[in-house]
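Participant: If you want the building blocks of each chain, they are given just below.
Protein chains: 2
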Amino acid sequence: MLLVNIGILGLGTVGGGVVNVLNKNQKQIIRRSGNNINVTHAAVRDITQTRICPTKNIKLTQDPFQIVNNDDISVVLELMGGVGLAKNLIEQAIKNGKHVVTANKALIATYGNELLALAKDYNTHLLFEAAVAGGIPILKSLKDGLSANQIELVAGIINGTSNFILTEMHNKDRNFQDALKEAKALGYAEANPTFDVEGIDTAHKLAILASMAFGCELQFNQITTEGISNISSEDITYATKLGYTIKHIGIAKKLNDKLQMHVRPTLVPTTHLLSNVNGVMNGILIKGNAVGETLYYGAGAGDEATASSVIADLIDIIRNTANHDIFGWKSLINITKCNTNSIASIFYLRLLVTNKSGIVKDIKKTLANYDINIEAILQKKINQKNDLHIALITNLTNNSKINKAVTDIQKYDYIIDEIKIIFVETLN
Amino acid sequence: MLLVNIGILGLGTVGGGVVNVLNKNQKQIIRRSGNNINVTHAAVRDITQTRICPTKNIKLTQDPFQIVNNDDISVVLELMGGVGLAKNLIEQAIKNGKHVVTANKALIATYGNELLALAKDYNTHLLFEAAVAGGIPILKSLKDGLSANQIELVAGIINGTSNFILTEMHNKDRNFQDALKEAKALGYAEANPTFDVEGIDTAHKLAILASMAFGCELQFNQITTEGISNISSEDITYATKLGYTIKHIGIAKKLNDKLQMHVRPTLVPTTHLLSNVNGVMNGILIKGNAVGETLYYGAGAGDEATASSVIADLIDIIRNTANHDIFGWKSLINITKCNTNSIASIFYLRLLVTNKSGIVKDIKKTLANYDINIEAILQKKINQKNDLHIALITNLTNNSKINKAVTDIQKYDYIIDEIKIIFVETLN
Numbered sequence: 001m002l003l004v005n006i007g008i009l010g011l012g013t014v015g016g017g018v019v020n021v022l023n024k025n026q027k028q029i030i031r032r033s034g035n036n037i038n039v040t041h042a043a044v045r046d047i048t049q050t051r052i053c054p055t056k057n058i059k060l061t062q063d064p065f066q067i068v069n070n071d072d073i074s075v076v077l078e079l080m081g082g083v084g085l086a087k088n089l090i091e092q093a094i095k096n097g098k099h100v101v102t103a104n105k106a107l108i109a110t111y112g113n114e115l116l117a118l119a120k121d122y123n124t125h126l127l128f129e130a131a132v133a134g135g136i137p138i139l140k141s142l143k144d145g146l147s148a149n150q151i152e153l154v155a156g157i158i159n160g161t162s163n164f165i166l167t168e169m170h171n172k173d174r175n176f177q178d179a180l181k182e183a184k185a186l187g188y189a190e191a192n193p194t195f196d197v198e199g200i201d202t203a204h205k206l207a208i209l210a211s212m213a214f215g216c217e218l219q220f221n222q223i224t225t226e227g228i229s230n231i232s233s234e235d236i237t238y239a240t241k242l243g244y245t246i247k248h249i250g251i252a253k254k255l256n257d258k259l260q261m262h263v264r265p266t267l268v269p270t271t272h273l274l275s276n277v278n279g280v281m282n283g284i285l286i287k288g289n290a291v292g293e294t295l296y297y298g299a300g301a302g303d304e305a306t307a308s309s310v311i312a313d314l315i316d317i318i319r320n321t322a323n324h325d326i327f328g329w330k331s332l333i334n335i336t337k338c339n340t341n342s343i344a345s346i347f348y349l350r351l352l353v354t355n356k357s358g359i360v361k362d363i364k365k366t367l368a369n370y371d372i373n374i375e376a377i378l379q380k381k382i383n384q385k386n387d388l389h390i391a392l393i394t395n396l397t398n399n400s401k402i403n404k405a406v407t408d409i410q411k412y413d414y415i416i417d418e419i420k421i422i423f424v425e426t427l428n
Numbered sequence: 001m002l003l004v005n006i007g008i009l010g011l012g013t014v015g016g017g018v019v020n021v022l023n024k025n026q027k028q029i030i031r032r033s034g035n036n037i038n039v040t041h042a043a044v045r046d047i048t049q050t051r052i053c054p055t056k057n058i059k060l061t062q063d064p065f066q067i068v069n070n071d072d073i074s075v076v077l078e079l080m081g082g083v084g085l086a087k088n089l090i091e092q093a094i095k096n097g098k099h100v101v102t103a104n105k106a107l108i109a110t111y112g113n114e115l116l117a118l119a120k121d122y123n124t125h126l127l128f129e130a131a132v133a134g135g136i137p138i139l140k141s142l143k144d145g146l147s148a149n150q151i152e153l154v155a156g157i158i159n160g161t162s163n164f165i166l167t168e169m170h171n172k173d174r175n176f177q178d179a180l181k182e183a184k185a186l187g188y189a190e191a192n193p194t195f196d197v198e199g200i201d202t203a204h205k206l207a208i209l210a211s212m213a214f215g216c217e218l219q220f221n222q223i224t225t226e227g228i229s230n231i232s233s234e235d236i237t238y239a240t241k242l243g244y245t246i247k248h249i250g251i252a253k254k255l256n257d258k259l260q261m262h263v264r265p266t267l268v269p270t271t272h273l274l275s276n277v278n279g280v281m282n283g284i285l286i287k288g289n290a291v292g293e294t295l296y297y298g299a300g301a302g303d304e305a306t307a308s309s310v311i312a313d314l315i316d317i318i319r320n321t322a323n324h325d326i327f328g329w330k331s332l333i334n335i336t337k338c339n340t341n342s343i344a345s346i347f348y349l350r351l352l353v354t355n356k357s358g359i360v361k362d363i364k365k366t367l368a369n370y371d372i373n374i375e376a377i378l379q380k381k382i383n384q385k386n387d388l389h390i391a392l393i394t395n396l397t398n399n400s401k402i403n404k405a406v407t408d409i410q411k412y413d414y415i416i417d418e419i420k421i422i423f424v425e426t427l428n
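Order-wise, the sequence lines are chains A and B.
Following the UniProt record's numbering from start to finish, the first sequence increments by one per residue and tops out at 428.
Following the UniProt record's numbering from start to finish, the second sequence increments by one per residue and tops out at 428.
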């Protein structure tokens, strides 16, 4: 049995979780990997700080380069985050012939193509299961378990913060600001929640999922991103009445060899399993042309859940079952972004109008000018002035048509506010 | 690029599905595996029969030994089923140095220990992802994705037939016989449905899941199995009113280094994702001590869904990423079955009584004699004679206590019928 020396960059939540899980599951991990794992060094920002894990047997240093340049260390775990120093350190580690495991989605989504090329040149592994959906083994499932499939759709609830906020809004009739405050109080949201609620974090993860699913390079910049801060509690109520749940979803679809990727609030049928993924939990729907619909559910964050994936990658490396071909494809293909105007979708529209007769008739007629039908509609009086909310679900149409129709409807004098458009996914 | 020759034993639903998926996803599979896969031979019972797949380029034979003894074939796919001839063929294939992929759960659950030992001796792979939950990559998830965890619980809806029947009973207020008839009409149940509705098929799969999860030998004979034919539509109704869904679940738990495995109808909270796994779909909950709760959902049967897992194993072998250590543990441990009497559980009881005053008080008192409390109770008049159904949920107690209490209650003269006991799992 070998003794494999590990160096950790960053000993915060995830790094501390890794040390704790390695300690508590030591026997199992030795049985799984066939070798003994020893965390010898860890780089931290402040050596005097209190930690969530014991550090008695770990040499702490404030100089992370001491770790990536240490000849006795074979695997480096990059768990410090950020895209500057972390990138330099990973590059140095690879150049020194070390394998690297990282949980850093921003780094992989942004610089993954070059880092993976570098790892290939140096014949080392660069693995990042923990970068997407925390403890859910979703990258391994795409790479190995579903390898016989052409993937048609990836749809994920992969940001716990925004899912918690939407779940609170659904279950407790809260508005966005209240739910966000609660998320902050519980430690689920950062002081500046932009990355989470505006969908940037989801987009990072989606870029990685799409590469794994379709065998193309990482294309983070091709993702259209829309946050959830504009979702009102009324929209939540109307969506529910119409049989839908609003979720913040990252979707990647392959349509006629072009790729469609976006992150946005989306109405999904309440009966679909994905709409039952609640709170801070993550869920990812994968459709393959052989397997059909599959779904993966679990904790998307947290010290030990994330550590579960980091250590799974580590075991893969140590027992020599990791695939050097990181995306699971021997050769990557080029896929270009598809034209958003032609994207077929169903839409939810919500209008605020001054009540007078003939409004619904007008709306129907204007939509019909663009071959759009109304599949379901509801109206609600919202004040003493007799103003109405009208919420409706269209049939399958496309981006271009709905935008033109909405521009026309917006011109009627009884429309008080900007018409809200939200995408609907039946996930079929 | 190598050309890898494959021989298939059995060209029915699964075998035909494998050929079809290999054809339609040929490009993707070559990209994934780095090699060309060629199905050269297939053994069939009747060479003249019509098939679901093209056979133009496949040499068909009615003698399966021609395949396992053919020197040009490197991987054998055993997709014929049964535990007699299939076993002999797999043994012969292994002895001839061939890798084997099988979807045969009965064979693996029953003879897996010896077959795996044989494969180890001959340094060949024997893989069987498709044997459990069809297209869901659950064995790979246990072996690879969750390898950092001590698994605490495996709870699976892994038989589509029984899940379809229970879903019909729940959603359409049907009784068992009606729902079974529907399942037969739709081709979801065999003419003799015993294997499915009595839980034997689920037990086969559970035995495999438990070995993967806990790193012990296959112990099919240690599984306590109870079918769903005794579940009445009234029980379904009462369970729903009490906040539960009745599912046919295979559960394996490790308790103080002992193993508890059973297949049985079980009340699970309606809010739990597992209770939303409906129809013929499969869902498996895995709890690990690092990752927490994870769930995997997808089609548990069907030609192409099962083919998806068979081919994933094949790709693993061809690209050389399969783990020779099949359970993912370098050494297996002995775990003995735990004493069923001491198993802690919550229970659902349903009594049929002649209505008279003081009944609930009697029941409460008798349960209290064994430290059992009632957490929820409902009563329903079921006929003109004033007979009542009483359905209740207990607190956490154990098998031994509940059996004693029920024996005592059964003696009251107003109890008309045998008291029904169903296990409740909160899955926490």
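Any given hint could be a false lead.
One copy or two, it doesn't matter: identical chains are merged, so the pair holds either way.
Claimed, not checked - Computed cross-link-like contacts, DSS-like style, restricted to lysine-lysine with a CA-CA straight-line distance of at most 25 Å:
| # | residue 1 | residue 2 |
| --- | --- | --- |
| 1 | K27 | K254 |
| 2 | K254 | K361 |
| 3 | K241 | K172 |
If you are wondering where the hints come from, they were derived from the structure by calculation, not from laboratory data.
Values in this document were obtained by computation on a predicted structure and should not be read as measured data.
Participant: Hint by hint, say whether it matches the structure.
Facilitator: The hints, checked one at a time:
no., hint, result
1, K27 / K254, "between (43 Å within a copy, 16 Å between copies)"
2, K254 / K361, "neither (37 Å within a copy, 63 Å between copies)"
3, K241 / K172, "both (15 Å within a copy, 22 Å between copies)"
Hint 2 from the list above is the single one not met by this structure.
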